[in-house]
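For chain H, the structure is supplied; the task is to place chains A and G with the ligands on it using the hints.
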Amino acid sequence: MHWLFEPGIWSNAAVRTGAGVGVVVATVSALVGLFTVMRSQSFAGHALADVATAGGAGAGLFGFSPLAGFVIGSLLGAGAMEAIGVERVRQRDVATGVVLGGATGLAALFLYLITLSSSSAGSTQSILFGSLFTVSNSSFGVIAVVAAAVCLALAALGRPLLFVSVSPDAARARGVAVRRVALAYTLLMAVTVGLSAIVIGSVLSTALLIGPPAAALRLGRGLWTTLALAVALGVGAVGFGVVASYDSYYWWPSHRALPVSFCVVALVVLELVLVNVVVRTTRRRDAGARV
Amino acid sequence: MFSSFMTNAWIVGTVVALLAGATGFFVVLRGSSFAAHAIPNGAFAGAAGAALVGVTPLVGLITFAVMASVGIGASRRHRSDVATAMALVMMLALGAAFLSLSAAYEPQVEALLFGEILGVATTSIAPVVIIASLCAAALAVMYRPLLFNAAAPDLAAVRGLNPQRLEMGFMLTLALGAALTVPVVGALLTFSLTVGPPAAARLVTRRPGSALVASMVLSVITLWASIAASYQSNLPVGFFVGSLSALAYVAARVLTQWRGRRV
Amino acid sequence: MSAPATIVDVRGVDVELGGRRILTDVNFSVRSGDFTGLIGSNGAGKTTLLRLMLGLVQPTQGEVVWPSHAREQRRVGYVPQKVALDVDVPLRVRDFVALGDDGHRYGLRRRTPDTWRRVHDVLDAVEASDLAERRIGALSGGELQRVLMAHALVSAPELLLLDEPLANLDPGATEDIVSLLARVREREHVAILLSAHDINSLLGVMDRVVYIANAHVASGPTDEVVRPDVLSKLYGHHVDVVRVHGRFLVVTGTTSQEPVAEHPDLVVE
Ligand SMILES: Nc1ncnc2c1ncn2[C@@H]1O[C@H](COP(=O)(O)OP(=O)(O)O)[C@@H](O)[C@H]1O
Ligand SMILES: [Mg+2]
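Protein chains in written order, with the working numbering: chain H, 1 to 291; chain A, 1 to 263; chain G, 1 to 269.
These are computed hints drawn from the structure, not numbers from a lab. Remember, it's a predicted structure, so these values are computed and weren't measured experimentally. Each hint should be verified, as a subset may be incorrect.
Said to hold, decoys possible - Quick look at which bits of chain A chain G covers, simulated, 3 or more residues with Cβ under 8 angstroms:
| # | segment |
| --- | --- |
| 1 | 138-148 |
| 2 | 159-169 |
| 3 | 207-213 |
Unchecked claim - Residues from chain A that face chain G, not an exhaustive set, calculated with beta carbons under 8 angstroms:
| # | residue |
| --- | --- |
| 4 | 151 |
| 5 | 153 |
| 6 | 154 |
| 7 | 155 |
We treat Cβ as the ideally placed atom computed from N, Cα and C, and that holds for glycine.
The shape of chain H in the complex, shown without the other chains (with noise of 0.2 angstroms):
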């Protein structure tokens, strides 16, 4: 085990809390991720989190908590989305695609303001890509607890949620409010993603809602054993990931350690690739076998 965990990498506090938000964060994204697959709003998805950007920026502009903005961020967004029409696919990428469009303006903006006032360097890429290794132990506190929140909810929309994915027509007619059920839901993908976006960033919140779940379903088993599959692929693309990442110092001479971000959404990648050979061949073998 010596050449997977380099010395010393357990006593760095910074890399537990990291990879203990990282678990948390893997969680809820996997468990609210299975339904953004299932109803294709991974656009979505992606886009809150670079809403959600824009409301960091905001609150970081006028001293707000940056968590209340980024959650806060991401929710008008969602909102906004919602308000513009969401009936139809191709209207829902319109919707998604001009309130990305109409945020990363006032991104734009706020940023400016921030370096005019500030001078701050070094904020866009950690916006973007985010660090694991930055996280506070104060907000692991706050992050938890709004990540229980988070899937008590989904635990109590979930059977809904679950037929209005499934055959939205079926629902309406056994007097499921589609909408309401909808706007629900993506509001839960709203907070879910603002939080994972402040602590991961954007890209990683988008690799971790969107990968885990993808495969897991690929896998095509019962709805509690894919949750459970995609729960176990995020948490351990998460942890691979850290520990690589800290590796990695070590790799080169250089001593330039790759970025968590990368290394996660690295194996991300991988479990999908993987699980979609894999799923592949066995279709094929079975339908070899049937001939």
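Using the frame of chain H, we list chains A and G with the ligands on its own:
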């Protein structure tokens, strides 16, 4: 505002806006906004890679944009949004790795995202015009198949139109446009122009040709207004482009709703 | 006058989908000018057969032959039962109909006045001229159906395939569409193959019938196919064919060989 220093901004801005308006018409038609966002944003990571390897940024931009478009274009139609998301995060993560390995400067990254339209060099005018013309020609050739496939994909397939090939052609056109416009005006600005004005344009007319022209005109007006406002207020162009594009769409929606029926 | 030319010949075709046999040893042909009804209950394989003819489904046995190369030359029109149509696309009805002629072609060829004349001609043929300037997304189901017919007709096909155009229509509308199709056949000199689950609405216009049941088909002139002996063989068990007021009633699932009733107007064949 029309000093010689600003001339390049007006010229390049107009060309980019015309292209974004034309491309955006099809992007909105096909529901490809996510790809239109992912390709330029991912492409910017290529510039970081180019810096690491030591080649000109354009090579990195084109390589990454083409890689992204091929990945997205080749994905199964079902859940292609997942493929787009994965292509995007993979490229951005690679960009992060390149940056950390090569110690490139933050301001360069920021410039690629938000653009430097007010500081366009005279030497970048010719390449922008050439690539924009190429993209426009490609779109013109694909005009009817794109329209047909977007309106009724099954019927188009029955008539022998290969949707995979069409999607690939369109994605490559997006990639070509992105690779060239990103370093000049930034990934974010192009995207705003690609969705807002075209989505507004198609609400106000039911003729495909008019919608295309309206989309281009609206896009140019948005950009001109943004450059002027930015010049006057000293605030970033990207802010005005983003908010005016969104505003154009909202205005068109309100207008059609107020008129009570769609044209 | 020479015998009408064969447009398409389906020869000994088997089709399997998802490992299940859908069609077995299908043989029939369509000649120019024919009005053929493709009859079968829900799930019998009508759509599959039409898609087979269009080359969208491959046979596991046999072949579909187009002696006049109509399919290669895209001279087959198709009106599917369900169309996934993006209603937000800025497209007038006439733009959409014109795409039936050139929508699959890459390139910059300008549309000539001839193209537009042809578009208005087919819209007139399906009695939908007044819809020409409407937005495609703003049509009712019945209006859209006519527009889809015009879209299929605009390239002057030799054969028009329609999948269940009469489903979900009330009796009056059914009659309208059937007589419209009869007029279209005359005016456009096009052969028509139309699938339906009810044979009776087509009796007045149909020359030939292709009857699907139990994965097999029987084909020929209506009177030679819709008979108890032919259909019983198709279904694999006894079937009664009842005639009331010149209409057919096919009674499956009866085990009795007795006449079903003694009504004076009822002829049990
Ligand atoms: N892609 C497919 N894979 C497997 N089975 C199919 C497929 N398409 C149709 N079927 C089956 O083939 C049968 C015939 O279907 P279809 O041709 O649509 O019938 P019809 O049009 O007469 O109602 C049905 O039992 C249907 O379930
Ligand atoms: Mg059918």
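Hint check results:
Check on the segment 138-148 of chain A: 8 of its residues sit with their Cβ under 8 angstroms from a Cβ of chain G, so the three-residue criterion for coverage holds. Counting residues of the segment 159-169 of chain A whose beta carbon lies closer than 8 angstroms to any beta carbon of chain G gives 3, which meets the minimum of three for the stated coverage. With 4 residues having a Cβ less than 8 angstroms from any Cβ of chain G, the segment 207-213 of chain A passes the three-residue criterion, so the hint holds. With a cut of 8 angstroms, the hint placing residue 151 of chain A at the interface with chain G holds, because the nearest CB-to-CB distance is about 5 angstroms.
Because the smallest distance between the Cβ of residue 153 of chain A and any Cβ of chain G comes to about 6 angstroms, under 8 angstroms, the interface hint for this residue holds. Hint status for residue 154 of chain A: holds, given a least beta-carbon distance of 6 angstroms to chain G, under 8 angstroms. The beta carbon of residue 155 of chain A comes within 7 angstroms of a beta carbon in chain G, closer than 8 angstroms, and the hint placing it at the interface holds.
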